[in-house]
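Student: Sequence:
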Amino acid sequence: MTTLPISFFPSLLLIPAICFTICHANSNLLCIPSEREALLKFKNHLIDPSNSLSSWVEGGDCCKWIGVVCHNSTGHVHQLHLAALSSYDQSAINPSLLELKHLSFLDLSNNNFGSIPIPKFLGMLESLTYLNLSNAQFQGAIPHNLGNLSKLHYLDLGGNYLKPKSLQWVSGLSSLEYLDLSSADLHKANDWVQVTLKLPSLLELHLSACGLEDYPSPISVNSTKSLVVLDLSSNHFSSVPKWISSLHGLVSIDLSFCFLEGPIPDYFGNTSFLEVLDLSWNHLNSSILNSLYSLNRLQFLSLSSNQLQGTISSAIGNLSSVTHLDLSNNKIEGGISEILQSLSRCCLDSLESLDMTNNQLSGHLTDQLGQFKNLSYLSLAQNKISGPISSSIGELSSLETLDFGHNLLEGVVFEAHFFNLTRLTTLKASDNRLRFEPNSNWIPPFQCERIELGHWHLGPKFPQWLKFQKKLSYLDIFHVGISDVMPTWFLNLPTQFEYLNLSSNQLTGEISYLNVRDSVDLSSNRFTGPLPRVISTLCILHLSNNSFSGSLSELICNPSLTGMVALYLDTNLLIGEIPDCWNHWEILAYLNLANNNLTGKIPPTLGYTYPFLINLRNNSMFGELPYTLRNSWSLVMLDLSENHFSGSVPAWIGDKLSNLVVLSLRSNNFDGHIPHKICDLQFLQNLDLANNNISGVIPKCFNNLSAMATKIKTNNEFSLSLSNFYKFYLKALLVLKGQEDEYGSTLGLVTSMDLSANSLTGEIPKKIGSLVGLLSLNFSGNLLTGNIPNSIGNMELMESLDLSMNRLNGEIPPSFSNLNFLNHFNVSYNNLTGQIPTSTQLQSFENLSYVGNHLCGPPLSKNCTSKGIPTDVANNGSSNEGSKVNWLYVSIVLGFVMGFWGVVAPLFFIRSWRIAYYRKLDHICGKLHVFWATMGM
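Taking mature numbering (1 follows the signal peptide of the UniProt record, and there is no 0), I'd label the letters of the sequence shown as residues -25 to -1, 1 to 912.
It should be emphasised that the hints constitute simulated quantities derived from the structure, not laboratory data.
Just so you know, even glycine gets a beta-carbon here, dropped at the ideal spot from N, CA and C.
It is possible that some hints are incorrect.
Now the in silico label distances, taken between C-beta atoms and shown as ranges [claimed, not checked]:
(1) 608 x 747: 46 to 54 angstroms
(2) 681 x 579: 43 to 51 angstroms
(3) 579 x 717: 28 to 36 angstroms
(4) 92 x 627: 15 to 23 angstroms
(5) 408 x 169: 56 to 64 angstroms
(6) 58 x 101: 56 to 64 angstroms
(7) 525 x 784: 54 to 62 angstroms
(8) 458 x 408: 38 to 46 angstroms
(9) 290 x 412: 36 to 44 angstroms
(10) 140 x 101: 20 to 28 angstroms
Cross-link-like lysine-lysine pairs, in silico, DSSO-like; alpha carbons within 30 angstroms at most [to be verified]:
(11) 837 x 712
(12) 686 x 652
(13) 306 x 442
Take these sequences, add in the hints, and give me the full structure.
Tutor: Right under this line is the structure:
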């Protein structure tokens, strides 16, 4: 809702300016030559790219120049209106202005003077009554000689970068009626209250965003001051300054964005002349005081974005002059019909804007709503209002904005509900259970610019009445039950959409071209054919979960798409390689190409984008990760799972991608060791390297993964708001508790590590237990040996633990009884022995969680001996020991028999073998005899 400002003085000053201009138009006086020369010198230092001062030429009548107003009788230059000549190029101020002795009005606002200090010579223009230097890129101290301008009525220095240490110079401005120092740094100017409020003629004081804070000691203010407008917004007060209660003549008070806490002070009720009160965007936490409702001159009241609670008293009906009422974003309860009933007693004809968005209002919309004939803005969104919509809403002939989205409204909406809404430009009503099926030839009485009807029932046919909306730029009709071919007339509408959301319907057909300037969401439909052409200004393209086919080349290699921020093409039928032409995608934040039929390698130029998300999951891509990807330092999520990527896991992932929260390389062909640099990823919450060919040991430095080592999760979700319309949430497919699920709004709460189905060896690091924030740990299907670390019992938040199919031995640590949140547990097929520790959780799992070990105790049927050994193992062990002795003798005898008879038997029974054997022996003996004889010589 737009704030209703009260500022009297600027409008009064325009009257003489207009008069001078009109009078001058009928005058034949030529300007004074010395003043003309002074103006030309002044012009030479100004930057005027739009050539606004083209009339300022040598020899011309300066009184006829643009922006110059001369006095009707004397011809002296009286006023200079030179605002907004250039906000980009740096200008300068020539001291030649001092030649204009009669200059009373000087406006240089909204220019760029290059961060120079305010020139001191301006304090010598003694005739000035009006000086506006706002938003002109000045900085530094304010020259004290501005206090010499005793005739000054209006001074605006707001919107600069000024840092005065004192405001004592202001005390010299005895005629000042309007003062604006907004955005100046006044935290060192402790005299601001005493100085400004002593000005005898001051009507308006604007000190917004000046770094003001609470005074340590009480301040006394004379209650007879003339001040009527006080703007202290965007400062840092813990409570409403008490000295404000002494200013009984105030007409407007703005304390928005001031960090105010506690209840609303009751002394506002004593400010009987008050017409504007803005306390929005604070931390006020009381109910609304009845004293506020006694302000019968109040026209604008905003208490939005606080923590106000309770119900609204019927005394609100005493606000007989209110035109704008904003109570949005609080915790106010009560029935909406009762509130409307109370308001109907006071302001049926005056109320123009009512905003009660995001409270806890309930009840039904009754016919009282149609009685507010001058209501132009109505927002009751994000409450608990139920029942049907009253048809009396169609009687609000002045209504321009209607928003009752995100409620519990239900029933049928008829054409009569819109009968007299001829001025309606914004219709927002998403997330209700409403049904609207007008006649096929219905022509709406309104021309909306924005329509949001998500989750209504508008189908099954595409709404024909939309073809009559010639000004429509924002359309959101997601999940409205449309099951139809996309009509050609809709794609050929003359209007250019700024935002278009048709997602989660059953729309079919091909789309050749999208005339949308900012954001498109056609996800979760049944569109086919090649990807549509888009215009160069498009920022967000969301075509997920359709049947688009063909190549990416035409879209990705379009050099005009330099502003694309988010590209979601996942779950389609796209084929071919990802083209290597990403050089112009410099501001890409989200890239999701998962679940397609893409092949080839990751293109090197993709590494020259700086996204938060890259998701190439479930394609047929291969090769090693390009070294250029190390440049994507802003990555929060990298998902390359379920492809055929190979090579070792690059160490630069841990060295350069330091912002990673989710890293999934699952189900590829990576080999080599896990690089120790992975341990440097301080924000990593989910690590998935499962189903690869990775070998070596688990890095002992895993305990340095600090995001897994904390139990405190700061964010429920990872999201980024793009443009004015779209908020993207990071979503990740994670394998937890033995199954794959998508985590979106809760992703920030999930921490997991999955190294399963690799060839890891060695022991589980003992320090792994320091990762106390882990919810899921999976080391199954490796070649791990040694004992299970007792420290794992410290991971008390663990919900899923899988160490199965390794070569672990020893006992299950007794500390596992501390894992009270376990709901998935598997240590099967290891060499574990001993008794299963007693706890609530470990005994709740089936035998399959322990099979393939030598364990005993519940939940297994095997009992344990006093030493914690299974009884059948104990019995079998003693009998086996005896049998080992018997079999030892047997094996000795069998060995002798087989060895002896294996050699002797053939020689005894086969004569030819026997002769050959003895001949061989005789030959060997002969050679030995010769050898010994030779050695003896």
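Student: Can you list which hints this structure breaks, lowest number first?
Tutor: 1, 2, 4, 6, 8, 13
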